Amino acid sequence: MATIATSARRRSTAARLGRAVDRWLLPIYVVGVTAYLILPVAVMILFSFNDPTGRSNLNWREFSIAAWLNPLGRPGLADAVRNSLVVAFLATLIATLLGTLIGLALARYSFRGRGVTNVLIFLPMSTPEIVLGASLLTTFIASVQLPFVPEGLVFPLNIRTILIAHIMFNISYVVVTVKARLANFPRHLEEAAMDLGANEWTTFWKVTFPLILPGVIAAALLAFSLSIDDYVITSFTSGQTQTFPLFIYGAQLRGIPVQVNVIGTMIFVTAVGLVLLTTISQRRVAARDYGGATA
Amino acid sequence: MHRAIALRRIAPYALLFPGLLWLVLFYVYPAIQMFLVSLWTGNISDGYAQTWNWGVYPEAIAEYWPWLARSVVYGGLATSLAFALGFPLAYAIAFRGGTYKNVLLFLVIAPFFTSFLLRTLSWKIILADNGLLLGPLKDLGLIPDDFRLLATPAAVVAGITYNFLPFMTLPLYVALEKIDKRLIEAAEDLYAGPWRPQGTIVGLAIGAVLGVVVGLVMEYDPILTGIPAALIGAVVGTFLISQAFVRVTLPLALPGIFAGSLLTFIPAVGDFVNAELLGNPQSLMIGNVIQARYLKVTDYPTASALSFILMVAILIGLFIYTRLLGTEDLTGASV
Numbered sequence: 022m023a024t025i026a027t028s029a030r031r032r033s034t035a036a037r038l039g040r041a042v043d044r045w046l047l048p049i050y051v052v053g054v055t056a057y058l059i060l061p062v063a064v065m066i067l068f069s070f071n072d073p074t075g076r077s078n079l080n081w082r083e084f085s086i087a088a089w090l091n092p093l094g095r096p097g098l099a100d101a102v103r104n105s106l107v108v109a110f111l112a113t114l115i116a117t118l119l120g121t122l123i124g125l126a127l128a129r130y131s132f133r134g135r136g137v138t139n140v141l142i143f144l145p146m147s148t149p150e151i152v153l154g155a156s157l158l159t160t161f162i163a164s165v166q167l168p169f170v171p172e173g174l175v176f177p178l179n180i181r182t183i184l185i186a187h188i189m190f191n192i193s194y195v196v197v198t199v200k201a202r203l204a205n206f207p208r209h210l211e212e213a214a215m216d217l218g219a220n221e222w223t224t225f226w227k228v229t230f231p232l233i234l235p236g237v238i239a240a241a242l243l244a245f246s247l248s249i250d251d252y253v254i255t256s257f258t259s260g261q262t263q264t265f266p267l268f269i270y271g272a273q274l275r276g277i278p279v280q281v282n283v284i285g286t287m288i289f290v291t292a293v294g295l296v297l298l299t300t301i302s303q304r305r306v307a308a309r310d311y312g313g314a315t316a
Numbered sequence: 011m012h013r014a015i016a017l018r019r020i021a022p023y024a025l026l027f028p029g030l031l032w033l034v035l036f037y038v039y040p041a042i043q044m045f046l047v048s049l050w051t052g053n054i055s056d057g058y059a060q061t062w063n064w065g066v067y068p069e070a071i072a073e074y075w076p077w078l079a080r081s082v083v084y085g086g087l088a089t090s091l092a093f094a095l096g097f098p099l100a101y102a103i104a105f106r107g108g109t110y111k112n113v114l115l116f117l118v119i120a121p122f123f124t125s126f127l128l129r130t131l132s133w134k135i136i137l138a139d140n141g142l143l144l145g146p147l148k149d150l151g152l153i154p155d156d157f158r159l160l161a162t163p164a165a166v167v168a169g170i171t172y173n174f175l176p177f178m179t180l181p182l183y184v185a186l187e188k189i190d191k192r193l194i195e196a197a198e199d200l201y202a203g204p205w206r207p208q209g210t211i212v213g214l215a216i217g218a219v220l221g222v223v224v225g226l227v228m229e230y231d232p233i234l235t236g237i238p239a240a241l242i243g244a245v246v247g248t249f250l251i252s253q254a255f256v257r258v259t260l261p262l263a264l265p266g267i268f269a270g271s272l273l274t275f276i277p278a279v280g281d282f283v284n285a286e287l288l289g290n291p292q293s294l295m296i297g298n299v300i301q302a303r304y305l306k307v308t309d310y311p312t313a314s315a316l317s318f319i320l321m322v323a324i325l326i327g328l329f330i331y332t333r334l335l336g337t338e339d340l341t342g343a344s345v
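These protein sequence lines are chains A and B, in that order. Letter by letter, the first sequence follows residues 22 to 316 of this note's numbering. Letter by letter, the second sequence follows residues 11 to 345 of this note's numbering.
Please note: incorrect hints may appear among the correct ones.
What the hints assert, rightly or not - So these bits of chain B aren't anywhere near chain A, every CB distance computed over 12 Å: (1) T61; (2) S90; (3) R192; (4) Q292; (5) I319.
Said to hold, decoys possible - One-sided and incomplete, this derived list gives chain A residues near chain B with beta-carbon spacing under 8 Å: (6) L47; (7) I49; (8) V51; (9) T55; (10) L79; (11) I123; (12) Y130; (13) P145; (14) L157; (15) L184; (16) I185; (17) Y252; (18) Q273; (19) F289; (20) A292; (21) T299.
Hints were generated in silico from the structure; no laboratory data involved. Fair warning: this is a prediction, and the values are worked out from it, not measured in the lab. The beta carbon of each residue, even a glycine, is placed where N, CA and C say it ideally should be.
Let the sequences and hints guide you as you build the complete structure.
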C-alpha cells in the first residue's frame, strides 16, 4: 500500500511539473528559438532601409529608402541578378522534368535496378556541396583532353556549366519531393479511367498528372529556391560569370551595398508569397475535392 | 495485349533514362575524374600529366590533418548543438503546437527563403565587436570592452549551427508528429514515471562532455563551460525526462534523429562559408583549404585528393551509421 501511495504522490508532482513546463517553459523556449531563426532575416530587411556611410553596411545610421528606389543601381548587379534568374528558371524546368520522370518510375513500376537507382538519387544529397563543385570543376578542366567535347562548350567555364551543375544537384531533391507525394497515390482512379476506355496517354493527362501536380509544383519551388541561392557549387563552375550569390560574396570583401539587402528582401518576400499562395490554393482544391468525402 | 506488357516492361527505364544519365555524366563521372586528377603531377603553367602519384594522399593528410580534424569537430559540435536546440523545438511543435503548428513550421523554414550568404552576413552585423549584440552589453558595462565573438571559433560553430538548424528540426518534427500519442499515455498508465536516477546521471554526463568540448573548441576554460553545462544537463535529465520519453518517444523518433543528424553533419563538415565570413585564420576548415587550393593556388592534385578524402570519409561514416542506427529509407524521413 505504501508504495502505491508514494508512487501516486510522485506522479502528481510530476504531473504538476509537467503542466508548468507545458505552460511556461516550452512556449518561452519556442519563441526564443524561432526568434533566433528569424533574427538574421529581420536584420537583412532592416538594413535594406539603412543609409550607410561609405561602402560598408554594417552599422545602423539612419532610415532611407534610397536603395529601394534604385535596387539595381550598382555596377554588375543587374547582370548578376539576370544570370541567377536565367539559371534558376532553366535548371528548375529541366530538373523538375527529369526528376518527376524518375519519381514516377520509382513510385509506379517494379523493375530491376531499383536499388541502384535509389543509391544514385541519394548520393548527390549526401555529398558535401564543395565536393560536388570540385568534381565538376575537374571534369570541365579535364574535358579539354576529350576529342568529342566541342571547344568552348564547357571550358572556359560559363553560364552553361553553372546550369549543368544546378540541374544535377536539383534532380535528387525533385525526385524525393515527388516520390513522397506519390506514396499514397490512388491507383484505382487510373484503373477506373482505363476501364472507362481512356488510353494510357489520356489517363496520364486527365488523371495522373492533375493528382501529382501539387507535388511537382512543390518540387519546382524547392529547386528554384536551391538554385537561386546556391553559392558553393556555383563558385566552382562559374568562371567569369556572375550570379547574385557570387556578387554578394565578391562585394562582402569591399563592403556590401544596401542594394544587395533590397534584392535579398525581394527574393524573401516573393518566395514567402509563392509558398503561401500554393498552400492556400491546394487547401482550397483539397476542400473542394475531398471535403464532402471525409466529412 | 502483348504490346501493353512490353510497354510496361520498358516504361520505367524510359522514364529513368534521361535523369539518371544526367547524374551519371555529372555526378558519377566527375567523382572518378576528380580521383584521376588527384593523381596528376604538374602545375597550371607547364601542364599536367597523369603520373599515378599515390604519394599525394599521405602528403595531403600529413599536411592538412589539423583542418580535417577541425572540420569533423566543428561539424560534430554544430550537429550536437543543433540537436539540443532543435529537438525541444520539434517536440513542442509536434506535441503542443495546437493551432500554431503551421505558423511555427513556417517560421522554421522561413530562413531558407533568404540567401545563405546574406543570413551569414547578418550574423556578422549582429556579432560585430560593437554590433547589435555586444554594443549594448558593452555600453552597460556587463562585458569587458575587448570581448569579441566575431572572428572566433565560437562564431563559426554558432553560424554553422544556425544555418543547418532547420535541416535538423524538420526531420525530427516529421518523426515526432507520426508518433501515436496513445502509446505515451499507455506507458504512463503502466506506471512510467520520472527517469531517476538514470536521468540525472545521463544528463550530467552529456552536459559535461558537450560543455568541455564547447570550451576546448571555443578556446575558453573547459572547466568553466563544463560545470554549468553538466548542471543544466542534470536538471533537464532529472526533471524533464520521463521514463515514457526514454522508452517510447525517443526510440520512435530515431528515424528523425538519424535523418536530421546526417542532413546537418554532412553540409556542416564541408562548409567553408561560415569559417570564411565569421572565423579567423586559425578557425579555417577543410572546405576553405580545398577551395583555396582549387581556385586561388590552382594546385589541382592536392585539392582533388583532399576533396576525394572528404567524400570517401563521409560515405564510409554514412555506411557505418546506417548499419548502426539503420532506417531503410533515409530520404523518406527527410520530407
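Query raised in the report: For which of the previously enumerated hints does the structure constitute a violation, in increasing order of number?
Result: 5, 7, 15, 21
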